[in-house]
Amino acid sequence: MKMLINGRETDAASGRTFGVINPATEQTIDRAPLGDAEDVRAAIDAAEEAFGKWSAETARERGKLLFKAAQITRGRVKDLATLLTTEQGKPFREARDEVQGFANILEFYAGISASLRGGLVPVGRERYGVTMRKPIGICGAIIPWNVPAIIMGWKVGPALLTGNTLVVKPSTTAPLTCLSLAAIMQEAGLPAGVLNMVTGPGETVGDEIVRNPRIRKISFTGQTSSGKQIAQTAAASLKHVTLELGGSDPMIVCDDADLEAAAKGAVNGRFYNCGQACTSVKRLFVFERVADEYLKLLEQKVAALRIGNGMTEGVDAGPLNNRKQLDAIKTAVQTAREKGEGRIVAGGAQPEGPGFERGYFYLPTLVTDVPPESALMREEIFGPVLPVTVVKDLDEAIARANDTRYGLGSSVWTKNLERAMLACERLESGITWVNNHVRIPPEMPFGGVKDSGLGRENGLEAIDQYTEVKSILISP
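Number 192 in numbering that gives the first Met the number 0 belongs to position 193 of the sequence shown; there are no gaps in the numbering.
If you're looking for bench data, these hints aren't it; they were derived computationally from the structure. Among the clues, some could well be false.
Lysine-lysine pairs mimicking BS3-like chemistry, simulated, CA-CA at most 30 angstroms apart [stated by the list, open to error]:
#1 K449 to K227
#2 K295 to K263
#3 K227 to K263
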């Protein structure tokens with residue numbers, strides 16, 4: 000599959016390619032161009048040339064194009080989901096939902112296109128103040144491999160609606176679905192140069208996107224350490240920056256919670272996408288009064304999960320996306336085992352037997368009695384491992400939940416509205432769910448606090464991230 004620059008599919012200037020691996024089979028399923036800084040500069044040239052005409056279009060006209068792209072996407076969900084499962088590893092039903100989610104996002108921004116406006120500011124007798132929102136210019140977007148279609152939608156939807164042009168770098172381990180979605184947007188009528196896709200490693204392609212002064216905004220989703228480095232580099236040319244970074248999301252199960260629903264929610268929230276989501280449940284705190292009953296339910300549900308190739312019907316969890324992720328999970332669990340940090344009651348190893356001779360599979364793992372100093376509680380574990388600890392009450396749960404450098408998501412499970420609102424007020428996170436976890440509709444802003452990032456994606460708030468406010472003062 001080829002890059003997309005200036006409306007044309009193209010190879011890398013170097014002529015080199017890299018293989019895209021199916022994580023369930025470790026087989027190469029396709030090759031993509033190995034882009035470099037020269038390819039990024041060509042994409043920037045195209046974006047710069049397209050900006051004037053694209054930004055002059057009305058938001059309503061740009062919205063119509065987004066809606067058409069969403070319609071085409073919905074007509075190809077099966078093929079796109081198959082491609083996503085094959086390159087990323089997630090079960091087909093999750094991939095199908097993700098592709099539909101991309102269409103949902105485009106439809107949301109298309110739907111608000113006629114509502115974009117500035118404002119009137121009272122500034123005194125016989126004078127008028129007017130504000131308008133103007134596009135920033137050429138924007139860069141760097142997309143991770145874990146939920147590539149959804150995250151591409153988060154960045155492309157608001158950026159294009161507000162009149163910006165884009166240079167996008169997909170992940171090298173899951174670029175194919177993003178390239179296919181970009182081709183669909185081109186098919187829907189997107190003018191040449193408005194959306195450009197350059198595939199290649201972060202050290203070359205990503206670095207040029209971040210450093211090039213003609214790119215005026217960076218939207219990055221990925222590791223906190225990478226985000227901090229991007230922020231430092233972007234500061235040299237005062238780029239706008241949106242950073243959606245790591246998370247170590249706590250889930251609190253109170254003693255009045257619906258335990259069956261909370262056990263199901265924990266399993267869905269932790270093991271969705273094999274635990275490879277920024278907002279996965281990564282730490283679970285349960286009140287001691289219901290701990291025994293709840294942990295029995297949870298252990299049963301974790302043990303019942305079926306893992307395998309994502310294209311196999313009935314599979315609940317696929318493989319990890321790549322060898323590096325598998326090795327990291329194996330190391331984290333083995334370290335906890337060697338230090339005696341908790342009790343592994345489910346999983347804790349790679350599966351064996353037919354169907355698992357190859358692939359980056361790891362069993363859904365449940366670890367109880369995990370001490371607060373354990374890396375399982377302190378660091379972001381990006382895979383199918385759920386550490387659990389027992390707490391006395393809500394005060395202790397919130398204190399433990401906030402004892403982290405991260406602040407992306409959190410959830411509280413209770414039937415008591417006062418208790419729920421107290422937790423929502425005190426939990427240090429960009430989003431708090433009550434009696435659910437993970438789902439983020441396009442209408443809701445999303446982002447983190449502390450080391451989990453800057454800015455917001457999704458919702459009306461994303462419009463602010465892709466525009467500059469211009470003030471106009473009018474006298475008679």
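Task: Non-conforming hints, listed in increasing numerical order - done: The structure breaks only hint 3.
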